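Student: Each chain, letter by letter, is given below.
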Amino acid sequence: MREYALLVISAALVNNVVLMRFLGLCPFMGVTTRIDAAVGMGMATTFVLTLSAVLDWTLETYLLEPYGLGYLRTVTFVLVIAASVQFAEAVVKKVSPVLFQMLGIYLPLIATNCAVLGISLLLVEGKVDFMHSAVFAFASAIGFSLVMVLFAGLRERLALTEVPRIFVGPPIGFITASLLALAFMGFSGMSAG
Amino acid sequence: MGAASDNETDLIEPDMMEGIANVVAVDGSVAWLEPEQTGSCGSCKSSGACGAKGIGTVASRLEERRFPLTSHPGLKVGDRVVVGVREDALVQASMTVYAVPLLTMFAAGFLAQWGSGSEGMTIVACAAGLGLGFVIAHLRARRLSAHGKMAPRFLRRARIGETCQIE
Numbered sequence: 008m009r010e011y012a013l014l015v016i017s018a019a020l021v022n023n024v025v026l027m028r029f030l031g032l033c034p035f036m037g038v039t040t041r042i043d044a045a046v047g048m049g050m051a052t053t054f055v056l057t058l059s060a061v062l063d064w065t066l067e068t069y070l071l072e073p074y075g076l077g078y079l080r081t082v083t084f085v086l087v088i089a090a091s092v093q094f095a096e097a098v099v100k101k102v103s104p105v106l107f108q109m110l111g112i113y114l115p116l117i118a119t120n121c122a123v124l125g126i127s128l129l130l131v132e133g134k135v136d137f138m139h140s141a142v143f144a145f146a147s148a149i150g151f152s153l154v155m156v157l158f159a160g161l162r163e164r165l166a167l168t169e170v171p172r173i174f175v176g177p178p179i180g181f182i183t184a185s186l187l188a189l190a191f192m193g194f195s196g197m198s199a200g
Numbered sequence: 139m140g141a142a143s144d145n146e147t148d149l150i151e152p153d154m155m156e157g158i159a160n161v162v163a164v165d166g167s168v169a170w171l172e173p174e175q176t177g178s179c180g181s182c183k184s185s186g187a188c189g190a191k192g193i194g195t196v197a198s199r200l201e202e203r204r205f206p207l208t209s210h211p212g213l214k215v216g217d218r219v220v221v222g223v224r225e226d227a228l229v230q231a232s233m234t235v236y237a238v239p240l241l242t243m244f245a246a247g248f249l250a251q252w253g254s255g256s257e258g259m260t261i262v263a264c265a266a267g268l269g270l271g272f273v274i275a276h277l278r279a280r281r282l283s284a285h286g287k288m289a290p291r292f293l294r295r296a297r298i299g300e301t302c303q304i305e
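Protein chains in written order, with the numbering used here: chain V, 8 to 200; chain L, 139 to 305.
Calculated from the structure, these hints are not laboratory results.
Any given hint could turn out to be false.
Mimicking EDC-like on lysine to aspartate or glutamate, the simulated pairs with C-alpha atoms at most 20 Å apart in a straight line are [unchecked claim]:
1) L:K214 / L:E174
2) L:K214 / L:E172
3) L:K287 / L:D226
4) V:K134 / V:E10
5) V:K134 / L:E257
6) V:K100 / L:E172
Since the model is a prediction, treat every value here as computed from it, not as a measurement.
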């Protein structure tokens with residue numbers, strides 16, 4: 008149990024997918040103007056990332072690696088991600104059409120989120136078992152969502168403050184993101200300790 | 139849905155998230171609305187050449203996202219209106235649709251791993267847990283919809299040039 012807890016802390020905080028690995032920067036800058044949009048995007052990404060990572064792991068372990076099809080890895084993973092997004096969309100629509108009105112808009116954006124493909128490729132390098140892979144993918148996605156919501160909260164406050172004209176908009180956003188990344192660097196002391 | 143701005147409606151409903159929609163059909167007492175495009179796509183400099191349109195953030199998806207509005211003060215086709223949903227509704231919706239299936243998937247996976255120790259069994263159990271999660275999510279979503287928590291409400295007619303974007 009302890010190793011799962013360490014894996015979660017490592018994936019979500021110490022090696023945060025956005026601020027340490029610099030993956031998924033498009034939604035990080037694009038969908039963080041409001042907290043409600045960041046929550047919706049974060050939860051949808053968590054679902055699709057976890058689902059596609061376990062599917063990718065299964066395909067890699069039982070199909071690509073045994074049959075020497077490693078050269079098809081990237082294209083297979085991209086197909087699995089696209090299929091996972093379509094599956095998630097169909098499921099949300101089936102579970103509740105009303106919820107689809109609220110959450111459906113975020114799903115297609117996930118297909119182009121490089122964090123989803125990045126985590127699947129990291130799992131191939133890691134060579135760990137199924138449950139460790141699933142927990143790692145889930146914790147990475149939680150880290151992604153956490154940073155999205157934190158950054159959205161900061162940007163909502165920034166929108167109400169008086170910023171020097173030259174820094175208005177994306178510049179102050181990037182400065183805030185860099186300060187947030189510095190704060191997250193503090194977690195790397197946990198791994199050193 | 140946009141964050142609530144300062145207006146007279148917010149004094150009555152301080153916990154509503156707002157969004158702009160167009161009336162596309164009126165059928166007796168029910169008006170059918172399509173939400174206007176929101177998010178980052180509208181302001182993106184590459185929106186004209188964006189491939190994301192193909193998988194549908196704009197026209198191809200708007201029809202799918204059409205929703206009914208029952209209590210409205212004489213709306214007609216072409217009207218732009220501001221609708222709102224409860225601020226906590228999005229979090230509840232996300233938890234229901236995404237978190238519940240993932241939690242049941244992990245619960246089933248851990249149980250199978252500790253019970254059998256076989257990786258094949260763990261994968262099968264995870265798939266079964268995910269399916270069970272979808273059933274639970276479906277039941278919970280139906281209950282939430284029956285309570286009317288998820289239903290958008292008419293707030294006011296949109297002003298000319300009004301958007302829900304935060305600059």
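Student: List in ascending order the numbers of the hints, as given earlier, that are violated by the structure.
Tutor: Violated: none.
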